[in-house]
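Visitor: As a plain string of letters, each chain reads:
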Amino acid sequence: MNRHTVSFTVNDQPHEVEVEPRRLLADVLRENLGLTGTHLGCEHGVCGACTVLVDGQPQRSCLLFAVQLDGAEIETVEGLAADEQGFHPLQTAFWEKHGLQCGFCTPGFLMSSKELLERNPDPSDDEIREGLAGNLCRCTGYVHIVDAVRSAAEAIREEQR
Amino acid sequence: MTDQIETLAPRFFGQRVKRREDPRFLLGRAKYVDDIVRPGMLFASFVRSSEAHARVRGVDIADALALPGVVDVLTGEMIADTSHPIRSDSTMPTWQGTGFPALAIDKVRFVGEAVACVVAEDRYAVEDATEAVIPDLEPLTPVANMDQATAADAPLIHEDWEDNHFIKRHVETDGFDEALDAAPHRSSHRFVMARHTGMPLENRGCIAEWDSAKGELTLWTATQIPHLVRTGLADALQIPENRIRVIAPDVGGGFGIKGHLFPEELSCSIMAIRTGRPVKWIEDRREHIIACIHAREHTHEVEVGYDDDGTILALKAHLQVDCGAYSVYPWTSTMDTGMALGILPGPYRIRNYYVDAESVATNKAPLGPYRGVARPAACFTIERTMDAVAEQLGLDPTEIRRRNLVRSDEFPYTSVTGLQYDSGSFIEALDLAMEKAGYQQWRERQQAAREEGRYLGIGVTTYTEQTAHTTQEFKKRGIPMVFGYETSMLRMDPSGQVTVNTSIHSHGQGLETTLAQIAADQLGVSLEDVRISFGDTSEVAYGSGTFASRSAVLAGGATDLAAGEIRAKLARIAAHLLEAAPEDIEFSGGRAYVAGSPDQGYSLAEIARMTHHNPQHIPEDEAPILESTRTYDASPGNGTFTNAALLLLVEVDAETGFVHLLDLVCVEDCGRIINPLIVDGQIQGGIAQGIGSALLEELVYDEDGQPLVTTLVDYLMPGTTDMPENFEIHHLETPSPFTVQGIKGMGEGGAIGPGALVASAVDDAIRPLTSGRVTSLPITPEKVRTLIEQG
Ligand code: FES
Ligand code: FES
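Protein sequence lines, in the order shown, are assigned to chains B and W. Residue numbers 1 to 161, in this note's numbering, belong to the letters of the first sequence in order. Residue numbers 1 to 791, in this note's numbering, belong to the letters of the second sequence in order.
Think of the hints as simulated: they come from the structure by calculation, not from any bench. From the three backbone atoms N, C-alpha and C, an ideal C-beta is built for every residue, glycine too. It is possible that some hints are incorrect.
Claimed, not checked - Some, not all, of what chain W presents toward chain B, calculated at C-beta under 8 Å:
#1 R20
#2 P23
#3 L27
#4 G28
#5 D35
#6 W161
#7 H165
#8 V251
#9 L708
#10 T711
#11 V713
#12 M717
#13 G719
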């Protein structure tokens, strides 16, 4: 099969990969670049576990081909923080509020929430639920996830004050 | 000084401690099976049956083998002589067993059964090659449901069986018929729970690796039960168990579904041995939906006798469970029937009971345990029955329950099926739920809404959850393996740090935190000083794993006992060094000191170092090692019983049939709570899954046994907007008199009640519009509309 060269940045690092046209962004992130924080729960666009930000917008990396992404800026969970000390307020809040159990959905929720809070820094609970309606979690029942996003929003607003 | 030490050593038990394990998940650095890469690794994929019931005439693998990148293709015929099928047999009378082969040999018995395994150099190549394998299947008449399976002329799914029953059981109390005949009122009901499943967000997956020099197999697999997988693999492959290492890394949810040995694990192991290279298989969602474990397909018929006050006098039940095509390892196909039969009377004082229970085989995916195991269906049936009796007598649904619930002064209470309810707060939980909800105000809201033409309804459910069942209970169930105990090995190293190796597995339950809380409390150290290790059979003691709401009780108990033993030894050493009596040594802030004189003491690091490096200073009769292994099997063995009461307010849209969940109040009593934050999370997650069972989830098959639901587009799971608008949890804490620290299990509980609860609320909402009642789950908008239309 013919192969294409694609360049993009992931978490501000430039990358150039050579891929078959059918190769998914998720597989490039996970296998070519070793960024296994992005998870695959369905590979058909429903669960949201594979959510990453592409040019600031949440996208399902299981539905994108890598060849579509030439020149894109991609952000994955690994870009949020290098360690516990540098946690993004969302990571701190998910930890404090017990917003994760098995952790498999968590990277997707963090990325969707990040974009949500950038768009709407002071969301109501209904807006949080609406904003995260495209991410499934089978463990938590979402109550603590909504608590975490609300609390992260407060922390970010506080920080910016 | 004393004050200062006390603040250094808070007691962790009972605290809302945030989880120790979270950072690796939040940073995207957890390691699930699919994140592991082995050198030279191949990828496996399965060719699956498109027929529900067919004879395998042959499998053409030539085209697939010729494709680029393909390394090997395996069929059932090729391994029929060298590997044993997976077998799990009950020891009870009437049992008929099955062998579940790694790959189908002569027959396929459900759509999705693996027929061939392909391995290739990469994931894309293997998927291409899978399509090139052509199974030659001769269709047989499918047995797609329990009616077809139990018909007089039903084709046999397993040809050596007498009929399509795994097992038939019967239990009856003395004088049952007279008791039922004597009841002033009787009514009969039929309740159905649809087939659905746990659907963890991570699919199944494994990597098998064969070390031909040592003759050793390593299997990384997404499992809840690493040791039991090892035993099952050893039996099937005839490899000694000390040559197999099973590693369960981070696992993305299990809920019982990943508590099995799977044919795919066997095939990958065989492929690793054949090719001499590591073989990885990652299931896709469609495979997971059609070919993994399904759950909870129950039909219950009941007849209930009661008096004018609503006291239940007799309960007769016929329970049928559609167990699919094969008996599952290690549970057998008796789990759901046995559990339903035992717990159907629930938290109520029912003394006359008659039950027939059948596990029926059909041409569908095998049925296995999913969070709650039969209790959601049993709870649905008994609670629906309570609602029906209340309605017939004109009683409030909370009142009928109050009149029949086991009272606090009756514990320990032996149920009609011989279960010993150790302690509980059945009535108190209901009272508290009503108080917290403001039950009267809810009734007033309902009235006011009705006057505006809006349909609000209130649901109520109470249940008791058998948890941490141990040796006696599993022995009684006739399961070949008795999962009684768990084991923790504790070690303090020369630096004074503690490692807990434990036989359970944590995949969301937060056991890396709760077990550390228990160990840290015993030893007076901080949580940071305790490392919890599990999942690798070469590192930890043999045990069963995590299921049945038992890990906090059993691994918690074992950890507490082992830590206590190390503490006692540290006390003896410290006493010797300090010339004091061991009973006068206290522990906190990472130090051991003489009670009342905190500055007269040593840090645990000093004692640990001395023990290992300068043993001449410790008592002569003490070995220079700080280690303890303890096993815990909670007595009396049939479990410790958690209880809960739930109230729910819903609004039903009479036009669309849509059920909107407004307020949910849960009062849960799981004994002494180790970590309320984690307990709340478990309850919320369980209830969310229960809401899925109540309103959304169903694995639909057609009359030919073809699955009609194959993606998450058709299999609807609750999302953020499906949860109740307000969700409150309150706790009562009635300790178990029997367990270490009075702990009870609670991991499954949340999932038990919502089916019954939502049904109760929907009925209450639409009562002015129809005489019809909800008798089956899930309660789809279409079902609600049908009830309303029939008037
Ligand atoms: S894996 Fe992409 S949406 Fe599920
Ligand atoms: S934490 Fe397990 S799926 Fe969300």
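Visitor: Each hint: holds or not?
Guide: How the hints compare with the structure:
Interface restraint check: W/R20 against chain B, minimum CB-CB distance 10 Å, threshold 8 Å, status violated. A hinted interface residue such as W/P23 counts as satisfied when its beta carbon comes closer than 8 Å to some beta carbon of chain B; here the least separation is about 5 Å, so the hint holds. For W/L27, the suggested interface contact is upheld, since its CB lies about 6 Å from the closest CB of chain B, less than 8 Å. The restraint placing W/G28 at the interface with chain B holds, with a minimum CB-CB distance near 2 Å, inside the 8 Å limit.
Hint status for W/D35 relative to chain B: holds, with the closest Cβ pair at about 4 Å, below 8 Å. Because the smallest distance between the Cβ of W/W161 and any Cβ of chain B comes to about 36 Å, over 8 Å, the interface hint for this residue is violated. With a cut of 8 Å, the hint placing W/H165 at the interface with chain B is violated, because the nearest CB-to-CB distance is about 33 Å. Interface hint at W/V251: satisfied, since its Cβ lies 7 Å from the closest Cβ of chain B, which is below the 8 Å cut-off.
Given the 8 Å rule on beta carbons, the hint for W/L708 is violated: about 16 Å separates it from the nearest Cβ of chain B. At about 6 Å, the closest approach between the beta carbon of W/T711 and any beta carbon in chain B falls short of 8 Å, and the interface hint on this residue holds. The interface hint given for W/V713 holds, since its Cβ lies 6 Å from the closest Cβ of chain B, which is under the 8 Å cut-off. At its closest, the beta carbon of W/M717 sits 6 Å from a beta carbon of chain B; the interface hint therefore holds under the 8 Å criterion.
Given hint, W/G719 at the interface with chain B, holds; its Cβ is 5 Å from that chain's nearest Cβ, closer than 8 Å.
The structure fails hints 1, 6, 7 and 9 (numbered hints given earlier, in ascending order).
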